[in-house]
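Protein chains: 2
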Amino acid sequence: MDVHTVIMAGGSGVRFWPQSRRHRPKQLLNIVGEKTMIRATVDRVIPLTPIDKIMIVTGVHHSEKIHKQIPEMPENSIVAEPVGRNTAPCVALAAYKLAKRDPEAVMVVLPADHLITKEEEFRSVLRDAAKLAADTGDLITFGIIPDRPETGYGYIQLGPMIAEFGGLKAHRVERFVEKPDLITAQSYLQHGDYLWNSGMFIWKVSSIVNALQRYLPVVSKAMESLTPFLDTPDEPKAIAEVYESLPDISIDYGVMERADNVLVVPVDVGWNDVGSWTSLQDVWNTDEEGNAIKGKFLSLNAKGCVVSSPQKLTALVGVEDLIVVDTPDAILVCRKDKAQDIKQLQQLLVKHGYQGLL
Amino acid sequence: MDVHTVIMAGGSGVRFWPQSRRHRPKQLLNIVGEKTMIRATVDRVIPLTPIDKIMIVTGVHHSEKIHKQIPEMPENSIVAEPVGRNTAPCVALAAYKLAKRDPEAVMVVLPADHLITKEEEFRSVLRDAAKLAADTGDLITFGIIPDRPETGYGYIQLGPMIAEFGGLKAHRVERFVEKPDLITAQSYLQHGDYLWNSGMFIWKVSSIVNALQRYLPVVSKAMESLTPFLDTPDEPKAIAEVYESLPDISIDYGVMERADNVLVVPVDVGWNDVGSWTSLQDVWNTDEEGNAIKGKFLSLNAKGCVVSSPQKLTALVGVEDLIVVDTPDAILVCRKDKAQDIKQLQQLLVKHGYQGLL
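Chains as they are written, first to last, in this note's numbering: chain A, 16 to 373; chain B, 16 to 373.
Chain A extracted, bound-state conformation (with noise of 0.2 Å):
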């Protein structure tokens, strides 16, 4: 059994302004450690799949980049989207590439931006659910064990379980369940049964075209018709083509929460999505009032903050739970409850003639 890894790499990163850029998303960012996330995550699963068998998927202005970043890695195993269209397609594309190369490989699809810091226990568990999805066909996915009543994320209620291997036990899965308010959140987790949705997921690559064959007809009919010139040199070309006119539609969506032969395992590595600034109150170190710094940093009666301020030094007065961005052209300060309207200063940067800080 051969397994191969896809990392997912098309974020845009909009949410790390003003750190991220249109042409810096977060993968490209070494916003919790020393490395780039992307550096990151590829790292932490070599040991498992070497390094020709990991492919990206990112975005077309986003290749060269990652190609600096992972140099080693063969050039057509980095793939360019010509335009993002959520996690479906991206699945689709790696999935097919690989079947046109080994068509009983088993493929781990990973996001490259989320934090993992229980690094060998994740590729135990990803190497017992290699072996499980080889031997069953069925479609696994993490759940993580929460520890807090989060409301940023999706949740995946347990089913029966239905397997045990190695140190896993395989559930089916009740129901996916979209990002819940706090009042449900605290429920979910009273109720013990409700994990994390992590997006990472392993299946043989026959099994997810089967699904999409089922779920996404549109999607695997143009992956097909694709599927000739890909590992060619009109790969790109015939990619651009067809690209644009797939649905943007999750994975998730697509078919996870359709198909019948879905697995959820429960594991717990470490993991957090790094989804917002606020999520690096969790990540970073913080000091006796609770604020998340990196950086050069003073306070006087701040709680609860967390800076980014890594060339000069951010002084804090009587401040709470705000989020301070210092970077060469630009300064974000957002009260933490509002991390999620850090996006909506796209439209502002462009409506003030603010385009170079995109």
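These aren't lab readings, by the way, just hints derived from the structure by calculation. A portion of the hints provided could be inaccurate.
No copy is singled out in the list; a pair is fine if it fits within one copy or between any two copies.
Under the rule of at most 27 Å between Cα atoms (straight-line distance), these lysine-lysine pairs were calculated in the DSSO-like manner [said to hold, decoys possible]: (1) Lys252 / Lys68; (2) Lys236 / Lys327; (3) Lys80 / Lys353; (4) Lys353 / Lys327; (5) Lys133 / Lys184; (6) Lys146 / Lys351; (7) Lys309 / Lys366; (8) Lys351 / Lys311; (9) Lys318 / Lys351; (10) Lys358 / Lys50; (11) Lys83 / Lys351; (12) Lys311 / Lys366.
We have chain A; now place chain B onto it with these hints.
Same frame as chain A, but now just chain B:
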């Protein structure tokens, strides 16, 4: 009658950190307009008292920078205090210097770092007040007619009107009062006979010398001992020898609150003491949400903020009543109602090894 202007430029500027620094206090900044505050203060009185009748008293570390700002000023008209001793020694030093030059002169004393928008009116009332001071020998101060219940200023309660002169109405002082709380300030505003204490004074040199001899003999004796050296090459050395031992006392407390020949003249000259970042909300342009802005700024539901960001774009999301200041090496984010705490940052900067940012 000769009128001389003495500008007190001893401010250390800690309240405008990080824009103001130990060696770049507020009077050397162009916080309000294009000019530095000291340059604007000099230019404002030049039509009344030509440059050779202006004297500036400042700290020894600032005299060179002051001279660069006012290069046309005779060198012996910029007097350097070796240490700050509040306004009484500063006023006394200037008074004794003028007494040696022209004992019959009228002396106008102005802070170096206040804003006055109605300049013509200001010079007009100064001119009249100087005549009144020459005629009566009284110690005159301007009281600013308040337009809001400001808690950041001291107040002067009007006594009976005892003279009208030109456009001026001169009153006895009922009492000087410290900065009030909001309820008290509101009652002052309603009461109608309370004025803001402007820190501007007009008196004959001989009148203030007499008052110093009577109410602050320690100071006047020191100045008498200095007199032979004033306006000679030995002046700095002589000042250095006595200054440290002088009491740290304000002219308000030391003389004005004790003397029996004090008059207050109500004026409306567009005055603002520019005492803190918060004061700039009444000085800078504001947007529709009451954000007072200098520089590049983007707001997404930000209200009532004071933003100084001359170099890079500052974007505020969902925040209210903050002070945000960007400088080349430090950023401040402070709650507006905690602006008085900014001076405490000085100790924190030292404690955390940021002496270079003092």
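A quick look at each hint next to the structure:
In this homomeric assembly, lysine 252 and lysine 68 come within 27 Å of each other (Cα to Cα) only inside a single copy, at 24 Å, whereas the closest approach across copies is 81 Å. Proximity of lysine 236 and lysine 327 under a CA criterion of 27 Å is satisfied in neither setting, with 53 Å inside one chain copy and 49 Å between copies. Taking the closest pair of Cα atoms, lysine 80 and lysine 353 never come within 27 Å of each other, the shortest separation being 31 Å inside a single copy and 44 Å across copies. Proximity of lysine 353 to lysine 327 under the C-alpha cut-off of 27 Å is found in both arrangements, the shortest distances being 25 Å within a copy and 22 Å between copies.
When the C-alpha separation of lysine 133 and lysine 184 is checked against a cutoff of 27 Å, the pair qualifies only within one copy, where the shortest distance is 18 Å, while the shortest distance between copies is 79 Å. With identical chains, the CA atoms of lysine 146 and lysine 351 are never at most 27 Å apart, being 42 Å at best within one copy and 60 Å at best between copies. When the C-alpha separation of lysine 309 and lysine 366 is checked against a cutoff of 27 Å, the pair qualifies only between copies, where the shortest distance is 19 Å, while the shortest distance within a copy is 31 Å. In the homo-oligomer, the alpha carbons of lysine 351 and lysine 311 lie at most 27 Å apart both inside one protomer (20 Å) and across protomers (22 Å), since each shortest distance falls under that limit.
Proximity of lysine 318 to lysine 351 under the C-alpha cut-off of 27 Å is found in both arrangements, the shortest distances being 12 Å within a copy and 16 Å between copies. For the homomeric pair lysine 358 and lysine 50, the shortest alpha-carbon distance inside one copy (24 Å) is at most 27 Å, but the shortest distance between copies (38 Å) is not. Proximity of lysine 83 and lysine 351 under a CA criterion of 27 Å is satisfied in neither setting, with 33 Å inside one chain copy and 45 Å between copies. For the homomeric pair lysine 311 and lysine 366, the shortest alpha-carbon distance between copies (14 Å) is at most 27 Å, but the shortest distance inside one copy (32 Å) is not.
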